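Novice: Residue-level listing of the chains:
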Amino acid sequence: MLPLKEKDKPIIQKLLVAGCCARCILRFCCVGVQSAYRQPEQVTLQEMQAFVLKGENEKVQDPAAAASTGEDNNSHDAAEVLEGPPCKRVKLDPGDHADPSEDEKSNLGESQVCVACLGILQDLCGTNQAVKIADTVKAQKYEFDSLVLSISLPAQLCVREHSCWLHVKKEVREKGLVLDKDDVIQVKEAFKWIMQSLVAKELGGVAVVGKSGFEVGVEFTHPETDSDCHFLAKVCPDCFKPTKNKQSVFTRMAVVKALEKISDDKFLKQYPCPPARPACSCVPQDVQCLHVSVFIAGRYNKFCRSLPQTPWLIDGERRMESSVEELIAAPILTAFRAGGFNFSSSGREDVDVRTLGNGRPFAMELQNPHRSRLSKLEMKELQETINKSSDKIRVRDLQIVTREAMGRMKEGEEEKTKSYTALVWTQRPIQKEDIGFIDEIKDLTLGQKTPLRVLHRRALAVRQRVIHSMNARYVDDHHFYLRLKTQAGTYIKEFVHGDFGRTKPNLCELLKTDTDILELDVESVDVDWPPAIPE
Amino acid sequence: MDSETQKDTELEPPSIIDRYYTRWYRADMKGQPCEDHCILQHSNRICVVTLAETHPVLQNGRTIKTINYQISNGCSRLNNKVSGKSKRGGQFLTDFAPLCRITCTDETKYTIYSCIRGRLLEVNENILERPNLLLEKPSTEGYIAVILPKFEESKSVTENLLSRKEFESIVSKRDQQPQAS
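Protein chains in written order, with UniProt numbering: chain A, 1 to 535; chain B, 1 to 181.
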């Protein structure tokens, strides 16, 4: 039996006449018993009508006879009702609505599209929909333990809800002193109560829960009544300011805000109460599946002097055929069947710089992965796949990490040290003894003006950076290898060639001759994240 | 390390200008004979204004008395400040905007111009203390100013300038003319 009380009767009567479906009436009666919504709508309607009739003298024909028309015919029927001749007469409360045509429309009762939910809690809420949702999820072959069902409703539903609320406000408040609009069960809520278990069943018992990393979204639109919201823009223009990324100013948020502001009187003057009857039900849009991102971390080596870290575009055209991030990402995206990625790393090297040693820490966000769990063994295999795919790069310590752990890579990045080897050219011929003094230099502080090389994208500033130590290895009378251990963020190339005197001191000054850098290798990036994984 | 490149560099010294910049020229600036300017445009569109080696300041063993970035009573290029990635606040320059005036010890005076449209990012304050930098290394440490052309004008700003080849042919003609007359 429906958990209805005597005081619900006037609410039920008014809303039946207004053209509300049985489930919406339960909502306005503030019925919070989920099972009441899960039983077939026709059954609920019959029980509801029986309940109202109990103790009443008026004779009422059973409107259930007109029920159970197929869902495909539903909108068609409703349209016919609007145009066609009156059928059976139902009189629940003749005093309430004097307009005879209004009564005629309510004749078919439940076979009409509900004025409040626009069909969402009627035919759009049942096994058929659950099958459709489950089929979409299955087709996309996601791996998941649980899912959360989300629902997006047309904004005008708020306007209609408000109109219905004003229609029965008095009766609802009489039912219980503390009851208010917030106590009316939301369409969304009722939809989920009904659908969660149905979808779970169709997916073979997967938990459909309130919170999950896997979200399945259903969206409904109702073009017929889109203009329901328009009067609000005149009453409350502040709430509907156009912004760049919005298709329409009538977002759900804006409509809710406007409805909070508008007085009942104003609303009633501009919008019918109860709302006008729609000809057809909402249109369900494509089911959208979205899995939360998975985060991957590791370290990479780069062995090639013609490989950029990220795709290099000039005037929209590619400069190099590949990049570190693409070489790493391709096998990972395949393994996780992800839709996209964001690559970040602890600093970056130039296209002509190699990264040797233990490599550079990197992390990747994998968006909408269809697979989110790989075992340690599978991760190791994935790492091997990457390493076999190209000899330009190599990856180690590949692992799944949390979003929070990714922050560890960036934090304190500037305090970390990095080691480099540079091949230096000198204009003046040198002897071994000429470069010996370099090894003695400790903690040399540089003032580096933003290098001209990056000045187009970085702010102009003089940055203090420390070279902790250096070591020079003589090659010939114009060349030597310079090893440097520096604070992260030191621009090595500019330290060597001086950048038009904008890095001071620079190697030209130290050696009292023009110097240039011919090759550069990153030997180590001393960041202790991600944790090493033993080979 | 590739031994080939090593040999090459011994024959021809490496040059950061050749590696990263394109040279553009303006000859006889504002009709003043031989007052040639050289603009180094980096592949990232940043431009460095320098004196061409043929500029009178660098000829006949002249030495510099003063370099003045105060180009009028109301405007000093030294007051230029830019902030943030977008370089807000920098003075916007057109082709013929003066950057500084150089007075040589022989009392000859020269005005150096921007040559390109763009935002002034910085002027070279090092040459104020050490004017010899300008004489010794006119195309690197002795630069005059750094200018950032508008993104959409990064190609067109150099349209009115001469390529290195065009400039060299002008200079060689110039060299021949006095001999002919």
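Rather than coming from a laboratory, the hints here were simulated on the basis of the structure.
Values in this document were obtained by computation on a predicted structure and should not be read as measured data.
Do not rely on the hints blindly, as some may be mistaken.
[Said to hold, decoys possible] Quick list of in silico lysine-lysine cross-link-like pairs, DSS-like style, CA-CA up to 30 Å:
| hint | chain 1 | residue 1 | chain 2 | residue 2 |
| --- | --- | --- | --- | --- |
| 1 | A | K392 | B | K81 |
| 2 | B | K109 | A | K410 |
| 3 | A | K169 | A | K138 |
| 4 | A | K410 | B | K155 |
| 5 | A | K392 | A | K442 |
| 6 | B | K85 | A | K416 |
| 7 | A | K169 | A | K266 |
| 8 | A | K449 | B | K173 |
| 9 | A | K504 | B | K87 |
| 10 | B | K109 | A | K266 |
| 11 | A | K449 | B | K65 |
| 12 | A | K512 | B | K150 |
| 13 | B | K173 | A | K432 |
| 14 | B | K65 | B | K109 |
| 15 | A | K246 | A | K269 |
| 16 | B | K155 | A | K432 |
| 17 | A | K9 | A | K175 |
| 18 | A | K241 | A | K188 |
| 19 | A | K234 | A | K246 |
| 20 | B | K85 | A | K504 |
Novice: Each hint needs a verdict: does it hold in this structure or not?
Specialist: Verification of the hints:
no.	hint	verdict
1	K392/A x K81/B	violated, 43 Å
2	K109/B x K410/A	violated, 53 Å
3	K169/A x K138/A	violated, 44 Å
4	K410/A x K155/B	violated, 36 Å
5	K392/A x K442/A	violated, 34 Å
6	K85/B x K416/A	holds, 24 Å
7	K169/A x K266/A	holds, 16 Å
8	K449/A x K173/B	violated, 40 Å
9	K504/A x K87/B	holds, 23 Å
10	K109/B x K266/A	violated, 79 Å
11	K449/A x K65/B	holds, 27 Å
12	K512/A x K150/B	violated, 37 Å
13	K173/B x K432/A	violated, 47 Å
14	K65/B x K109/B	holds, 10 Å
15	K246/A x K269/A	holds, 29 Å
16	K155/B x K432/A	violated, 46 Å
17	K9/A x K175/A	holds, 10 Å
18	K241/A x K188/A	holds, 26 Å
19	K234/A x K246/A	holds, 19 Å
20	K85/B x K504/A	holds, 22 Å
Of the hints listed earlier, those the structure fails to meet are numbers 1, 2, 3, 4, 5, 8, 10, 12, 13, 16, in rising order.
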